[in-house]
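Trainee: The lines below spell out each chain.
There are 2 protein chains.
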Amino acid sequence: MKIAVDAMGGDNAPKEIVKGAIQAVKKYPHEIILVGDENKIQEFLKDEPDIKKFPLTIKHASEVIEMGEHPAEAVKNKKDSSIVVATHMVKDGEADAVFSAGSTGAAVSAAQLILKRIHGVNRPAIATPIPSPKGVTLMLDSGANVDSKPEHLLQSGIMGALYAEHVFGIKNPKVGLLNIGEEDTKGNELVKEAYKLFQDVKTINFCGNAEGRDIPEGHFDVVVCDGFVGNVVLKFGEGLALTILKLIKEAIEDGGIAAKVGALLLTPALTSLAKRLDVSEYGGAPLLGVEGCCVIGHGSSDAKSICNAIGVAANYVKGNVLEHIKIGIS
Amino acid sequence: MKIAVDAMGGDNAPKEIVKGAIQAVKKYPHEIILVGDENKIQEFLKDEPDIKKFPLTIKHASEVIEMGEHPAEAVKNKKDSSIVVATHMVKDGEADAVFSAGSTGAAVSAAQLILKRIHGVNRPAIATPIPSPKGVTLMLDSGANVDSKPEHLLQSGIMGALYAEHVFGIKNPKVGLLNIGEEDTKGNELVKEAYKLFQDVKTINFCGNAEGRDIPEGHFDVVVCDGFVGNVVLKFGEGLALTILKLIKEAIEDGGIAAKVGALLLTPALTSLAKRLDVSEYGGAPLLGVEGCCVIGHGSSDAKSICNAIGVAANYVKGNVLEHIKIGIS
Chain A
5 MKIAVDAMGG DNAPKEIVKG AIQAVKKYPH EIILVGDENK IQEFLKDEPD IKKFPLTIKH
65 ASEVIEMGEH PAEAVKNKKD SSIVVATHMV KDGEADAVFS AGSTGAAVSA AQLILKRIHG
125 VNRPAIATPI PSPKGVTLML DSGANVDSKP EHLLQSGIMG ALYAEHVFGI KNPKVGLLNI
185 GEEDTKGNEL VKEAYKLFQD VKTINFCGNA EGRDIPEGHF DVVVCDGFVG NVVLKFGEGL
245 ALTILKLIKE AIEDGGIAAK VGALLLTPAL TSLAKRLDVS EYGGAPLLGV EGCCVIGHGS
305 SDAKSICNAI GVAANYVKGN VLEHIKIGIS
Chain B
5 MKIAVDAMGG DNAPKEIVKG AIQAVKKYPH EIILVGDENK IQEFLKDEPD IKKFPLTIKH
65 ASEVIEMGEH PAEAVKNKKD SSIVVATHMV KDGEADAVFS AGSTGAAVSA AQLILKRIHG
125 VNRPAIATPI PSPKGVTLML DSGANVDSKP EHLLQSGIMG ALYAEHVFGI KNPKVGLLNI
185 GEEDTKGNEL VKEAYKLFQD VKTINFCGNA EGRDIPEGHF DVVVCDGFVG NVVLKFGEGL
245 ALTILKLIKE AIEDGGIAAK VGALLLTPAL TSLAKRLDVS EYGGAPLLGV EGCCVIGHGS
305 SDAKSICNAI GVAANYVKGN VLEHIKIGIS
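Chains A and B, in that order, give the protein sequences.
Numbers in my numbering are just positions in the first sequence, counted from 1, shifted up by 4.
Numbers in my numbering are just positions in the second sequence, counted from 1, shifted up by 4.
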């Protein structure tokens with residue numbers, strides 16, 4: 005299996021991307037192609053003499069799509085940008101998957117314009133795994149599209165259920181529709197219409213409306229929403245978790261010796277918890293509904309996240325997600 | 005000042021409501037009228053012999069609107085329900101404010117049908133205070149209405165800014181529009197249109213788009229969104245915070261003696277932090293845009309939350325919020 009990695013995308017690119025790719029190529033039995041500025045990539049490879057033993061190669065791309073650029077225009081204009089070149093490798097069969105921690109909009113646009121949508125899929129969706137005490141909840145769409153129609157939500161539900169089954173190994177995954185109440189009369193026009201469509205589909209295990217709190221509590225395997233709502237929720241959760249952590253650290257620092265000793269004594273107990281809730285354990289979110297595997301990482305990804313995201317891409321390919329969606333959506 | 009309290013609304017009603025009202029009447033110089041089943045209310049008052057010294061009275065109401073009922077229909081049909089009777093007291097000048105921790109939909113419907121909307125306000129909005137390291141962020145609408153139009157968001161922004169100024173004492177509060185990116189080209193149709201309206205209004209300090217993470221981080225004083233998005237975000241945040249706390253407690257319990265001692269040593273440092281982030285410190289969210297003060301509490305409110313929410317209602321009245329909104333919206 006060959007995975008094309010956008011070496012230039014992300015707040016910490018190319019350094020952390022290259023480091024993550026080095027970790028991944030040592031961890032997984034897959035070939036990795038770093039796509040981007042060859043000189044800049046080499047700079048972070050030169051301190052790794054033993055890397056030559058591993059199947060890690062570079063494909064040069066001279067341009068970079070920056071965060072502020074208009075995604076679709078940038079993809080059209082910057083033909084030699086790392087994300088465009090990497091996505092073309094999947095299209096041309098030179099790679100089995102593409103991963104980028106750069107501009108999400110650019111990765112989505114490149115996938116839509118180059119790989120194209122799967123026949124029958126109206127809109128692709130980003131499926132973000134959110135850790136919960138019960139395992140993981142897949143939330144989609146978390147930002148590929150806004151102003152969704154009811155049928156887009158239904159397709160997201162079908163694709164998400166297939167992903168949860170074939171990648172997470174969850175049999176008959178519980179699918180919920182994100183709403184503001186449990187009753188089927190609740191919600192906005194979009195969700196009320198989508199509810200009816202979900203009820204009529206027998207191929208997925210639709211369990212009714214999910215409320216916001218059901219996502220972190222893990223009551224559903226798949227939670228479906230419009231990309232605007234999903235993106236807001238994701239960033240809110242990220243900000244909330246980071247804020248709580250920051251304030252706890254400050255409280256410990258201001259709390260004198262007792263607090264510091266207390267924190268030290270608690271560390272072992274909390275370390276495994278932190279690992280359980282660590283979003284970087286997943287590292288990447290697949291874009292479902294396009295003709296190929298495209299995995300998107302957080303802009304702030306570090307090497308560990310990058311390595312794990314490459315694992316996500318490999319699991320997508322191994323799980324035959326693309327074929328399952330093609331059959332499921334037709 | 006007289007505050008009518010729906011004694012029958014909430015998961016822990018009437019017990020916690022009565023206990024909260026007792027705390028409030030001892031804490032604040034205001035008169036409190038408990039509205040609901042007189043016998044049931046008396047049951048929780050009888051162990052408080054000294055309560056006769058305080059201005060706490062009962063107004064009997066024979067019916068209760070339950071959580072599952074259709075709000076507008078229930079308000080129309082149950083004329084002697086506690087929330088309807090309490091709201092009528094505000095309408096008739098027998099009380100200055102109404103507070104309920106019962107069905108949010110019923111409280112909103114009662115306010116709209118009995119108090120009516122302020123002239124010029126198209127839709128009222130629930131303004132929920134969310135604690136942040138910098139103080140508090142007011143998010144509205146958090147669930148009074150869905151399928152908002154751009155002008156509804158604008159009115160929410162104006163009303164929220166006036167509330168932040170006259171109740172929280174924030175001069176020139178920073179107003180943000182909840183979106184999925186900072187740039188004004190981002191977002192769904194609703195938010196892009198609303199952005200233009202906000203830019204044209206000179207009476208508020210519009211600071212552009214807010215992202216999900218800006219709410220817990222406290223970068224804005226007021227964040228405006230559609231009620232569907234606000235409600236999902238609020239419940240998601242609640243679920244996330246509770247889940248993190250629950251898992252930390254479990255980790256401490258499973259962590260042996262070292263973890264337990266560590267937790268004990270940390271307790272003083274974390275107690276003041278917990279107080280800072282405690283949502284029950286606010287206790288209630290005002291419904292802005294109706295002809296009177298209506299404050300809505302969480303269904304799970306305990307006595308402390310109820311007491312604080314009564315304080316929220318008093319601050320609304322003291323801050324002349326109603327008059328300020330009437331002037332600001334015209």
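It cannot be assumed that every hint is accurate.
Any copy, or any two copies together, can satisfy a pair, since identical chains are not distinguished.
[What the hints assert, rightly or not] Taking lysine to aspartate or glutamate and the EDC-like style, the derived pairs with C-alpha atoms no more than 20 Å apart in a straight line are:
id, residue 1, residue 2
1, K6, E242
2, K196, E285
3, K279, E257
4, K63, E221
5, K196, D151
6, K138, E242
7, K175, D258
8, K44, E242
9, K19, E67
10, K19, D258
11, K31, E52
12, K6, E327
13, K190, D151
14, K250, E221
15, K250, D151
16, K175, E295
17, K308, D204
18, K6, E42
19, K153, E193
Simulated from the structure, these hints should not be mistaken for laboratory data.
Trainee: With reference to the structure, classify each hint as holding or not holding.
Mentor: Hint check results:
1. Neither within a single protomer nor between protomers do K6 and E242 lie at most 20 Å apart by alpha-carbon distance, with minima of 31 Å and 42 Å respectively.
2. With identical chains, the CA atoms of K196 and E285 are never at most 20 Å apart, being 35 Å at best within one copy and 35 Å at best between copies.
3. In this assembly of identical chains, the alpha carbons of K279 and E257 lie at most 20 Å apart only when taken from different copies (18 Å versus 23 Å within one copy).
4. In this homomeric assembly, K63 and E221 never come within 20 Å of each other (Cα to Cα): the closest approach is 43 Å inside a single copy and 40 Å across copies.
5. Taking the closest pair of Cα atoms, K196 and D151 come within 20 Å of each other both inside a single copy (15 Å) and across two copies (12 Å).
6. In this assembly of identical chains, K138 and E242 lie within 20 Å of each other by CA distance both inside one copy and across copies; the values are 19 Å within and 17 Å between.
7. Proximity of K175 and D258 under a CA criterion of 20 Å is satisfied in neither setting, with 48 Å inside one chain copy and 30 Å between copies.
8. Proximity of K44 to E242 under the C-alpha cut-off of 20 Å is found in neither arrangement, the shortest distances being 31 Å within a copy and 44 Å between copies.
9. Taking the closest pair of Cα atoms, K19 and E67 come within 20 Å of each other only inside a single copy of the chain (17 Å); across copies the shortest separation is 66 Å, beyond that limit.
10. Taking the shortest alpha-carbon separations for K19 and D258, neither the intra-copy value of 34 Å nor the inter-copy value of 39 Å comes in at or below 20 Å.
11. In this homomeric assembly, K31 and E52 come within 20 Å of each other (Cα to Cα) only inside a single copy, at 15 Å, whereas the closest approach across copies is 68 Å.
12. With identical chains, the CA atoms of K6 and E327 are at most 20 Å apart within one copy only, with a shortest distance of 18 Å there and 66 Å across copies.
13. In this assembly of identical chains, the alpha carbons of K190 and D151 lie at most 20 Å apart whether taken from the same copy (19 Å) or from different copies (12 Å).
14. Taking the closest pair of Cα atoms, K250 and E221 come within 20 Å of each other only across two copies (10 Å); inside a single copy the shortest separation is 22 Å, beyond that limit.
15. In this assembly of identical chains, the alpha carbons of K250 and D151 never lie at most 20 Å apart, being 35 Å within a copy and 36 Å across copies at closest.
16. Within a single copy, K175 and E295 get their C-alpha atoms no closer than 25 Å, and across copies no closer than 53 Å, so neither meets the 20 Å cut-off.
17. Taking the closest pair of Cα atoms, K308 and D204 never come within 20 Å of each other, the shortest separation being 42 Å inside a single copy and 46 Å across copies.
18. Proximity of K6 to E42 under the C-alpha cut-off of 20 Å is restricted to the intra-copy arrangement: shortest distance 19 Å within a copy versus 74 Å between copies.
19. Within a single copy, K153 and E193 get their C-alpha atoms as close as 10 Å, and across copies as close as 13 Å, so both meet the 20 Å cut-off.
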